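A.B. asks: Now for the letters of each chain:
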Amino acid sequence: MTFYIPQDTTALALGADAVASALQSVGIEPVRSGSRGMFWLEPLLEVETNKGRIGFGPVTAKDIPSIVDALESDPARHTLYQGEVADIPYFKSQQRLTYSRAGLGDPVCLDNYQALNGFKGLNNALKMTGQQIVDQVKDSGLRGRGGAAFPAGIKWQTVHDAGKDGCQKYIVCNADEGDSGTFADRLVMEADPYQLIEGMIVAGLAVGATQGYIYLRSEYPVAHKLLNIAIDRAIAANFLGENIQGSGKTFYLEVRLGAGAYICGEETSLLESLEGKRGMVRAKPPLPAIEGLFGMPTVVNNVLTLAAISTILEQGADSYQNFGMGRSRGTLAIQLAGNIKRGGLIELAFGVTLREVVEDYGQGTYSGRPIRAIQVGGPLGAFLPESQWDTPMDYEAFAAIKAMIGHGGIVVFDDTADMAAQARFAMEFCVVESCGKCTPCRIGSVRGVEVIDRIVANENRDNNLILLHELCDTMEFGSLCAMGGMTPYPVRSALAHFPNDFLLRDAAGAAQGEH
Amino acid sequence: MGISQNEQQSISALVGQYTQLPGALLPLLHAIQSDLGYVPDSAVPIIAKGLNLSRAEVHGVISFYHDFKTTPVGRHTVQVCRAEACQSMGSRQLEAHAKQALGIDYGETTADGAVTLEPVYCLGNCACSPSVRIDDAIYARVDTDLFDDLMSGLLTEEGASK
Numbered sequence: 001m002t003f004y005i006p007q008d009t010t011a012l013a014l015g016a017d018a019v020a021s022a023l024q025s026v027g028i029e030p031v032r033s034g035s036r037g038m039f040w041l042e043p044l045l046e047v048e049t050n051k052g053r054i055g056f057g058p059v060t061a062k063d064i065p066s067i068v069d070a071l072e073s074d075p076a077r078h079t080l081y082q083g084e085v086a087d088i089p090y091f092k093s094q095q096r097l098t099y100s101r102a103g104l105g106d107p108v109c110l111d112n113y114q115a116l117n118g119f120k121g122l123n124n125a126l127k128m129t130g131q132q133i134v135d136q137v138k139d140s141g142l143r144g145r146g147g148a149a150f151p152a153g154i155k156w157q158t159v160h161d162a163g164k165d166g167c168q169k170y171i172v173c174n175a176d177e178g179d180s181g182t183f184a185d186r187l188v189m190e191a192d193p194y195q196l197i198e199g200m201i202v203a204g205l206a207v208g209a210t211q212g213y214i215y216l217r218s219e220y221p222v223a224h225k226l227l228n229i230a231i232d233r234a235i236a237a238n239f240l241g242e243n244i245q246g247s248g249k250t251f252y253l254e255v256r257l258g259a260g261a262y263i264c265g266e267e268t269s270l271l272e273s274l275e276g277k278r279g280m281v282r283a284k285p286p287l288p289a290i291e292g293l294f295g296m297p298t299v300v301n302n303v304l305t306l307a308a309i310s311t312i313l314e315q316g317a318d319s320y321q322n323f324g325m326g327r328s329r330g331t332l333a334i335q336l337a338g339n340i341k342r343g344g345l346i347e348l349a350f351g352v353t354l355r356e357v358v359e360d361y362g363q364g365t366y367s368g369r370p371i372r373a374i375q376v377g378g379p380l381g382a383f384l385p386e387s388q389w390d391t392p393m394d395y396e397a398f399a400a401i402k403a404m405i406g407h408g409g410i411v412v413f414d415d416t417a418d419m420a421a422q423a424r425f426a427m428e429f430c431v432v433e434s435c436g437k438c439t440p441c442r443i444g445s446v447r448g449v450e451v452i453d454r455i456v457a458n459e460n461r462d463n464n465l466i467l468l469h470e471l472c473d474t475m476e477f478g479s480l481c482a483m484g485g486m487t488p489y490p491v492r493s494a495l496a497h498f499p500n501d502f503l504l505r506d507a508a509g510a511a512q513g514e515h
Numbered sequence: 001m002g003i004s005q006n007e008q009q010s011i012s013a014l015v016g017q018y019t020q021l022p023g024a025l026l027p028l029l030h031a032i033q034s035d036l037g038y039v040p041d042s043a044v045p046i047i048a049k050g051l052n053l054s055r056a057e058v059h060g061v062i063s064f065y066h067d068f069k070t071t072p073v074g075r076h077t078v079q080v081c082r083a084e085a086c087q088s089m090g091s092r093q094l095e096a097h098a099k100q101a102l103g104i105d106y107g108e109t110t111a112d113g114a115v116t117l118e119p120v121y122c123l124g125n126c127a128c129s130p131s132v133r134i135d136d137a138i139y140a141r142v143d144t145d146l147f148d149d150l151m152s153g154l155l156t157e158e159g160a161s162k
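Going down the list, the protein sequences come from chains A and B. Numbering (full-length UniProt numbering) for the first sequence: 1 to 515. Numbering (full-length UniProt numbering) for the second sequence: 1 to 162.
Keep in mind the hints are simulated off the structure, nothing from the lab. Accuracy of the hints is not assured; some may be wrong.
Said to hold, decoys possible - Calculated lysine-lysine pairs in the DSS-like style (CA-CA distance at most 27 Å, straight line):
#1 B/K49 with A/K225
#2 A/K120 with A/K92
#3 A/K437 with B/K69
#4 A/K277 with B/K49
#5 A/K225 with A/K164
#6 A/K164 with A/K127
#7 A/K120 with A/K284
#8 A/K249 with A/K127
#9 A/K164 with A/K120
#10 A/K437 with A/K277
#11 B/K69 with A/K277
#12 A/K164 with A/K284
Small disclaimer: the values here were computed from a predicted structure and weren't measured.
Start from the sequences, fold in the hints, and give me the full structure.
C.D. replies: Set out below in C-alpha cells:
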C-alpha cells in the first residue's frame, strides 16, 4: 500500500504535517503529494490499495491508528472513508485538463511528471517552428486566464514578430495571484510545477525568448519552495538551460519574489517591479509585447495560461478548442471560497452557471445560513445578488451584467454580510494598494471611504449618494489600470442590489460600530 | 538608525553578490531583510552605490512595498488575512481579537519583542478561511480560540529554545 498526504498550503494549514508524522510513527512513509483541490476534505489521506486508490478525509493525526486498523479489515467502515477518490462526485464531474495530474503524486518528481504525459507538449514543440507553435495557440482559442481574457495567440504573434532578429525577448509568468478567493495558480505551482515550466519553455521556443521569469507573490512560501526545487531538477535533466534535450535551443528560468503589493499583478506594474523599481503602472502603448521587460519584447501570461500551453501542445489545438462555449474556449479553473461548505478548485468547461457551482458543488454556506451575495473575480469584481446567479460562467455573459469572471475566484457571503461595509472595504483596499500614479485611484479611493461613511451615517445622504456615483465614474474612466478602474464595480453593485445596507442603522445595529 | 560594523559588512557583501543580476533591487532587499530582519536606513547608501542608483530610488522602492521593514521587527511575524474570503468567515472579529489579545495594533510589536502583528491581503487559502500566517506557516479556519492556542504555542516554543 502507498500512502499519500499533500504538501499543499491548505492541507498544511489544516495539519497535514502532523498527519504525516503520525504515519511515520507507525512505520509508514507517505508520499507528499500535491492536493486535488478538494479543500473541504483536506487533509485528504489517499491510500493505493489492491481495491483502488481510496481516500480518508478530513483526517487529523489522532485518526491514523484507526485508519490503519480499518485498512487491514474493512476500510469502508471508517467514518472518514470517502471511497475511491476519483469517484467522489465533486471530482468525477470535473473536466480536468490543467489539473489532470494535480494530487496524483510527488509534485517535484520528474519521473512521475513524465510518466503522466509531462513534457510531451515540449517534445512536440521542439519539432516545430516558432510560427507553427504560435499558430497552434491561436487555433486553440486560448484566452489569457489572468483576468483580461486577451487571446494568447495574438499576444504571442506580436512578440514573435517584434524586435530585430536575435534581440533579447522575455517570457514573464504572472504568478502574483492577489485576488481574494483565488488559489488556482497556487495549486498549479504546488501540485504540478513542471507543467508551468513546460509551458514557459514552449512560449520561449514560440517567440524566440531565452529568458523567463516567474514573478511570484511573497505570500506563497510553499509554492516558492516547490518551484525552486522543480527548476533545479529541470536544469539537471536538461529541460532548462542550453541545448535543451539536444535541440540546440536555450531557455533559462528564474523565480522572482514580489514584496506584498497587490498592484504588481497588473502586468506593467509587474514589469517595473521585476526591473527593480516601484510597482508603478505604465501607460499603454507601448504594449509589453513590443516594449516590455527592460524595454524588450515580452510575453506576460498568467500561470494558468502558460500551464494550458502544455495541454494544447500535447493534445492539439482542436482537442482544447472543443471545450467551452462561444468565444470562451477550453476549461475554466473555478475557485470556490469564502463562506462555503465545500470549497475548492473546480475545473470545468466554460458555461456552468454560478448557481450550479455554489449549490451543487459548494452545497451552500459553511455557516449553514442562506447565501446573500457572491463576489466573482476578486476584490474588483461585482457583488452578485440571487437574481444574477443563473448567469453562465463565460467572459461575455459576465461582461453583459457588468461583472467579470477575472481569474475565476468565487467568494460566497451569507446573510450576515454587511454590503455597505464590503463597499467601504473595496475603497479601503484601493487606498492601501493603489500605486499612486493616477489621481482618481490614489485620492478617489480615500474620498470614497469618507463618502460611504457619511452615507451610512445619514449625513446629507442624497447628495452624498450622487457624489459617490460621480466619484465611481471618475475612477472608472480616469484610471490607467483596473485597480482604480474597477474598484467602482463592487461599490456600485452593492449600492444597486443591497441599498438598504447603506441606511443608517440604530445604535444597536451590528454594522454601526464598524464605521 | 545605527547598525554594527558586522551588519554593515554583511550588507556590503550581499550587495556585492547582486551587482550583476538584472533587476537586482528586490532580490537584494529580500536578502538583506532575511539576514537582518529589516532593511536599515544606513543600508540605503550602500545599496545605491553598489547598484548605481540614487538613494531616492532605493528609498522609493523600500517604501513602496509592504514587505520591506525599516525598523527591527519581532521574533515572529503574525499576519491576519483581511481579504474578502476571510471577511466572509469572520476575520473582522478575528483581527479585533488579535489586536486585543496581543495588546498591539497592526504594524506594532509586543513589548517583549516576540510578535509583530500585520495585516495581509490573501494567503491563497480562501476555501478554508479565516487564515493566519505565522512566519512561513499558514493556518486555516482560525477562530479566536485557535488564535490564542497558536500564540501560547509560540511563547512555549520560545521558552523551550531559551
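A.B. asks: Against each hint, give a clear statement of whether it holds in the structure.
C.D. replies: So, going through the hints one by one against the coordinates:
{"no.": "1", "hint": "B/K49 with A/K225", "verdict": "31 Å, violated"}
{"no.": "2", "hint": "A/K120 with A/K92", "verdict": "25 Å, holds"}
{"no.": "3", "hint": "A/K437 with B/K69", "verdict": "23 Å, holds"}
{"no.": "4", "hint": "A/K277 with B/K49", "verdict": "16 Å, holds"}
{"no.": "5", "hint": "A/K225 with A/K164", "verdict": "37 Å, violated"}
{"no.": "6", "hint": "A/K164 with A/K127", "verdict": "24 Å, holds"}
{"no.": "7", "hint": "A/K120 with A/K284", "verdict": "36 Å, violated"}
{"no.": "8", "hint": "A/K249 with A/K127", "verdict": "11 Å, holds"}
{"no.": "9", "hint": "A/K164 with A/K120", "verdict": "31 Å, violated"}
{"no.": "10", "hint": "A/K437 with A/K277", "verdict": "14 Å, holds"}
{"no.": "11", "hint": "B/K69 with A/K277", "verdict": "17 Å, holds"}
{"no.": "12", "hint": "A/K164 with A/K284", "verdict": "21 Å, holds"}
Hint compliance for this structure: hints 1, 5, 7, 9 are broken, all remaining hints hold.
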